[in-house]
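Chemist: Chain by chain, the residues:
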Amino acid sequence: MQNNKYNQLFTLIRTTRDRNSFLNSLEKLSAEIFKEGKKQDIVADVYVDDINEFLTSEKLDKEDKNAVEKALSDIREEMENLKSINITLASYPNEEIINAMSSWLDKNMDEKVILNIDVDGRIGAGAVFNNGIFKDYSLNTQIEEAFKNKKSEILALIKN
Amino acid sequence: MIIDPTLFAILVGLLGASIVLLVYFIIIALVNSSRLKKSEMTSDELRNEAKDIQNKIFLKAQEDYAEIISAADQKAEEIVKQTSKITSDSNTAFEKTIETLLKNQYDELNKKASEIEKGYEKEMQEANENNIKVFSNITKEVLDYTNSQFAEYKKTLEAMTIDARKLAETKANEEFKKMEADIEAYKKERIEKIDNNIFNLLLSVSKIAIGKSLTVNDQKNLILEALEQAKKEGALDYKNNG
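In order, the protein sequences belong to chains W and A.
Taking the numbering used here, the leading residue of the first sequence gets 2, the next gets one more, and so forth.
Taking the numbering used here, the leading residue of the second sequence gets 241, the next gets one more, and so forth.
In silico DSS-like pairs for lysine-lysine, Cα to Cα no more than 25 angstroms straight-line:
(1) K447/A x K136/W
(2) K300/A x K315/A
(3) K149/W x K136/W
(4) K447/A x K160/W
(5) K152/W x K452/A
(6) K29/W x K63/W
(7) K427/A x K160/W
(8) K136/W x K472/A
(9) K149/W x K452/A
(10) K352/A x K362/A
(11) K428/A x K151/W
(12) K151/W x K433/A
(13) K471/A x K136/W
(14) K447/A x K152/W
(15) K151/W x K452/A
(16) K160/W x K428/A
(17) K362/A x K351/A
Now the stretches of chain W that chain A is said to cover, found in silico as 3 or more residues with beta-carbon under 8 angstroms:
(18) 90-96
(19) 103-114
(20) 149-160
Because the hints were derived from the structure by calculation, they are not lab data.
Since we're looking at a predicted model, the values are computed, not measured.
In this text, a Cβ means the ideal position worked out from N, Cα and C, and glycines have one as well.
The whole structure should be built from the sequences, with the hints applied where relevant.
Modeler: What follows is the structure, given as structure tokens:
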């Protein structure tokens, strides 16, 4: 992944679900940060601290309403423009697996890419991709192909 | 031709009267002629003489006429008698002749009838004998023909029975082979179906078993391997997804 000033925030966003939560937090922050004409202390939210840290790292004057609003808007735009890949898994992955996938993408893709995860229990395990090209790398498909190739041998074994 | 005797007598009488009248007129003519010759005589004398002569002639004519009539009557009577006799004889002869003829004809007819009857009986007998012979021959022929036909029919029937049996055997064999083939095909189909069911069952069990046997780490590795593979095969073209 190329260097980007938003990388600090991008690391938080692994999936489209993460992005939606992030955008909700950003929305909340944007709505409340200059409520009643002056900066408010926002109740801690999932991504609020992270966003504040980002703003701090960008050396923004947090009292400068316009600058902050522009920074938040830029973050929103960056987040909305993030690329995603469609992936189908047997069940919704746990954090370990999501992190592993995200790390793999950060490492192997040229730019920040997030996962749009769909669930279909019929695939058993592995993954299916549908991004213009359909590719099925699911465990069940692999088992079926292996069985198909070895059908006569399997049946012979059963009969004996 | 038979002439009625009465008619015949009348005709004869009329003929006699005609002859008498003819004689009378001839005498009248002669008297007139002598009258011319004695013209020189006195009229009284002549007149008397003529009267006498006339009377005499008249009397003579009357006598002759009566005589002739009588003779004619007698002749006529004779003729009538003869005629009657002839007629009677003729009738008798004729009747006899007719009787004879009828008898002859009757006898002849009887004879002919008898001959015809005998001939007919003979012919009938011959015809009957012939008929019996013909009938016997026909019966024999019919019997022979029937026997030969029956033998032929029996032969044909036997041949047909054999053919039918062969055909039935062939058909039965064909049906049996077809049935065997059908059974074999059905058996094969059923075995294939059973094999497929077993195979699918085994596949399902294997999927479940393998799926359940996977650890989180295995699942993670499978997903990462899928990502690697997808990248290699160009299946991560996120640019299409916006």
